[in-house]
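J.: Take these sequences, add in the hints, and give me the full structure.
2 protein chains.
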Amino acid sequence: MRRVVDVRITFLGTSAGMPTRERGLPSVLIEADGELVLFDCGEGTQRQLMKVNASLGKRMKIFVSHMHGDHIFGLPGLIQTMNLINRTHPLEVFGPPGLKEFIEQTTVPAMCKPSFDLEIHEVEGGEVYKCRQYTVFGSWTEHSVPNLAYKITFGEGRGRFLPERAKALGIPEGPLWGILKAGSPVVLEGGRVVNPYEVLGEPVKGISVVYSGDTRPCESVKRLAAGAEILIHEATFSRELEGKAEAEGHSTAHGAASVAKEANVGTLILTHFSARYHDLAQLEIEAKEIFSGARVAKDLESYDLKA
Amino acid sequence: MRRVVDVRITFLGTSAGMPTRERGLPSVLIEADGELVLFDCGEGTQRQLMKVNASLGKRMKIFVSHMHGDHIFGLPGLIQTMNLINRTHPLEVFGPPGLKEFIEQTTVPAMCKPSFDLEIHEVEGGEVYKCRQYTVFGSWTEHSVPNLAYKITFGEGRGRFLPERAKALGIPEGPLWGILKAGSPVVLEGGRVVNPYEVLGEPVKGISVVYSGDTRPCESVKRLAAGAEILIHEATFSRELEGKAEAEGHSTAHGAASVAKEANVGTLILTHFSARYHDLAQLEIEAKEIFSGARVAKDLESYDLKA
Numbered sequence: 420m421r422r423v424v425d426v427r428i429t430f431l432g433t434s435a436g437m438p439t440r441e442r443g444l445p446s447v448l449i450e451a452d453g454e455l456v457l458f459d460c461g462e463g464t465q466r467q468l469m470k471v472n473a474s475l476g477k478r479m480k481i482f483v484s485h486m487h488g489d490h491i492f493g494l495p496g497l498i499q500t501m502n503l504i505n506r507t508h509p510l511e512v513f514g515p516p517g518l519k520e521f522i523e524q525t526t527v528p529a530m531c532k533p534s535f536d537l538e539i540h541e542v543e544g545g546e547v548y549k550c551r552q553y554t555v556f557g558s559w560t561e562h563s564v565p566n567l568a569y570k571i572t573f574g575e576g577r578g579r580f581l582p583e584r585a586k587a588l589g590i591p592e593g594p595l596w597g598i599l600k601a602g603s604p605v606v607l608e609g610g611r612v613v614n615p616y617e618v619l620g621e622p623v624k625g626i627s628v629v630y631s632g633d634t635r636p637c638e639s640v641k642r643l644a645a646g647a648e649i650l651i652h653e654a655t656f657s658r659e660l661e662g663k664a665e666a667e668g669h670s671t672a673h674g675a676a677s678v679a680k681e682a683n684v685g686t687l688i689l690t691h692f693s694a695r696y697h698d699l700a701q702l703e704i705e706a707k708e709i710f711s712g713a714r715v716a717k718d719l720e721s722y723d724l725k726a
Numbered sequence: 420m421r422r423v424v425d426v427r428i429t430f431l432g433t434s435a436g437m438p439t440r441e442r443g444l445p446s447v448l449i450e451a452d453g454e455l456v457l458f459d460c461g462e463g464t465q466r467q468l469m470k471v472n473a474s475l476g477k478r479m480k481i482f483v484s485h486m487h488g489d490h491i492f493g494l495p496g497l498i499q500t501m502n503l504i505n506r507t508h509p510l511e512v513f514g515p516p517g518l519k520e521f522i523e524q525t526t527v528p529a530m531c532k533p534s535f536d537l538e539i540h541e542v543e544g545g546e547v548y549k550c551r552q553y554t555v556f557g558s559w560t561e562h563s564v565p566n567l568a569y570k571i572t573f574g575e576g577r578g579r580f581l582p583e584r585a586k587a588l589g590i591p592e593g594p595l596w597g598i599l600k601a602g603s604p605v606v607l608e609g610g611r612v613v614n615p616y617e618v619l620g621e622p623v624k625g626i627s628v629v630y631s632g633d634t635r636p637c638e639s640v641k642r643l644a645a646g647a648e649i650l651i652h653e654a655t656f657s658r659e660l661e662g663k664a665e666a667e668g669h670s671t672a673h674g675a676a677s678v679a680k681e682a683n684v685g686t687l688i689l690t691h692f693s694a695r696y697h698d699l700a701q702l703e704i705e706a707k708e709i710f711s712g713a714r715v716a717k718d719l720e721s722y723d724l725k726a
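First to last, the protein sequences are chains A and B. For the first sequence, the residue numbers in the numbering used here are 420 to 726. For the second sequence, the residue numbers in the numbering used here are 420 to 726.
Calculated from the structure, these hints are not laboratory results. Treat the hints with care, since some could be wrong.
No copy is singled out in the list; a pair is fine if it fits within one copy or between any two copies.
The list that follows gives simulated cross-link-like pairs (lysine-lysine, DSSO-like), each with its CA atoms no further than 30 Å apart [claimed, not checked]: (1) LYS477 with LYS663; (2) LYS586 with LYS519; (3) LYS470 with LYS717; (4) LYS663 with LYS470; (5) LYS600 with LYS470.
T.: In structure tokens, the structure reads:
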């Protein structure tokens with residue numbers, strides 16, 4: 420039987436461009452199975468991580484959406500602090516071209532060249548990372564600079580092994596069953612090839628969380644988010660600034676809700692709010708007109724789900 | 420009569436190396452006469468400035484003590500935000516060699532090349548900056564990398580003009596008096612040179628605040644701080660880590676207090692505390708054993724003085 424994984428999503432910073440007294444710069448933390456995944460790392464992220472008791476010594480991957488300062492200026496300090504606490508686990512950071520140069524330039528001259536393994540991957544979308552617990556896909560969106568939206572999927576897997584089907588196909592109980600369970604084809608005596616799908620039930624879809632980064636409402640995020648449990652979408656502006664959003668490659672709450680609706684996601688969580696908005700109630704109302712499962716993120720607030 | 424200037428010192432971050440839940444990374448704000456002066460700019464400084472209602476559009480100078488990440492990683496984000504709010508005043512940043520390269524590398528690739536005038540001055544100590552309101556001196560200290568302690572002096576000035584002395588020297592009332600008041604010598608008919616000190620009272624000493632940056636207790640800071648109203652000195656460790664402090668170029672609370680005592684300052688404010696200390700009472704006790712005018716800084720706490 421498949422093990423259930425507890426996934427916790429925590430908003431570390433929900434502001435756009437510049438922080439406010441109430442909102443930090445962009446970063447979303449996902450915790451699952453003792454591992455941390457960060458989407459973006461705005462200035463102040465390391466301190467926000469401390470505030471939610473997330474250990475900087477744990478296994479961690481960071482996925483950067485784009486190379487604007489408000490999404491990456493927390494990286495050098497986070498890396499320096501990991502150094503100071505004698506982190507041993509490697510740290511892998513994924514993001515668009517330019518990421519490697521930025522990290523290398525900021526960490527070396529400022530005397531925080533990491534003593535742990537720091538692997539920087541400049542990626543181009545598609546399957547960006549895969550491990551036993553989850554898979555991450557990236558997809559380019561429409562912003563003023565190249566921006567990757569990411570989908571992280573937990574609990575995805577092959578279907579259950581069906582012994583009665585294996586028996587019906589004349590596959591003897593034993594090592595061949597194990598090979599098929601693990602997802603590889605086998606060759607029977609006599610030369611017939613049996614593919615795994617012939618003896619496995621429906622594949623397990625898993626549960627996906629999509630993070631848009633900075634973007635206009637676009638087809639790319641709609642496709643990436645199709646059927647996702649949670650879509651975390653930027654909503655920099657309210658509806659009256661739709662023209663500005665369009666011109667600058669951002670979304671209104673309304674625009675983000677349209678994407679959520681068409682992608683048929685479970686819940687839409689809006690984030691990345693312009694500093695001009697003190698009260699976000701109006702943005703939530705605008706989104707809910709289109710998609711009732713919309714809500715606005717708050718700094719240090721968490722959402723729990725099971726994958 | 421000399422105008423009295425209100426000077427407010429606010430601690431924006433009092434942690435060393437890494438932040439804690441309670442303490443941000445190093446930065447001290449001095450506000451005087453509508454102008455802002457920052458000493459160091461650790462990650463998160465821009466948000467701390469917002470929390471104390473310091474406008475990022477105002478005239479500002481930043482003095483960086485040394486090029487360790489925890490003292491400078493707030494610069495790129497601060498500059499980006501100044502850009503976003505359409506700052507018009509120039510920003511001048513002073514600090515040790517390496518500062519220019521760091522700022523240029525972090526601001527350009529991350530797409531926040533400033534639209535206002537950004538002047539970066541790599542300085543070597545001595546008189547670093549002088550304007551009508553204040554003078555800043557720098558002095559190299561003893562740390563693991565080059566570190567400048569700074570002394571900012573407000574209200575310093577020439578002595579009062581003494582008309583009776585001018586008359587006694589046979590200087591006719593008129594333009595020559597103005598030249599002498601402004602601090603330049605004049606030549607009388609007949610060729611006698613009169614120097615300003617001959618017609619001016621005692622120079623006004625002004626009021627000084629010294630910021631140590633990172634350092635061992637050292638002669639350089641003692642000399643710079645001699646007679647200062649306030650010495651802001653690092654106190655990374657408690658007395659039981661004296662060996663570690665010495666080895667790493669840091670001070671204990673006790674060591675900082677010795678400097679304050681020998682320099683005969685008015686008040687010693689300790690800052691830059693290792694993240695290992697949750698409660699700082701012990702550090703204050705250790706300092707007070709040597710120098711009763713010692714206290715520990717707290718994030719967002721201010722000290723007011725008149726210069």
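J.: Pop the pair LYS600 and LYS470 into one bin, within, between, both or neither, using alpha-carbon distances up to 30 Å.
T.: Neither way: LYS600 and LYS470 sit 43 Å apart in one copy and 57 Å across, limit 30 Å.
J.: My question is about LYS586 and LYS519: at a cut-off of 30 Å on alpha-carbon distance, are they close within one copy, between copies, both, or neither?
T.: Neither: 52 Å inside a chain and 72 Å across chains, both beyond 30 Å.
J.: One pair to classify: LYS663 and LYS470, alpha carbons no more than 30 Å apart. Within, between, both, or neither?
T.: Close across copies (28 Å), not inside one copy (34 Å); limit 30 Å.
J.: Using 30 Å as the alpha carbon limit, work out where LYS470 and LYS717 are close: within a copy, between copies, both or neither.
T.: Answer is both: 14 Å inside a copy and 18 Å across each meet the 30 Å cutoff.
J.: My question is about LYS477 and LYS663: at a cut-off of 30 Å on alpha-carbon distance, are they close within one copy, between copies, both, or neither?
T.: Between copies only: 27 Å across, 40 Å inside.
Hint compliance for this structure: hints 2, 5 are broken, all remaining hints hold.
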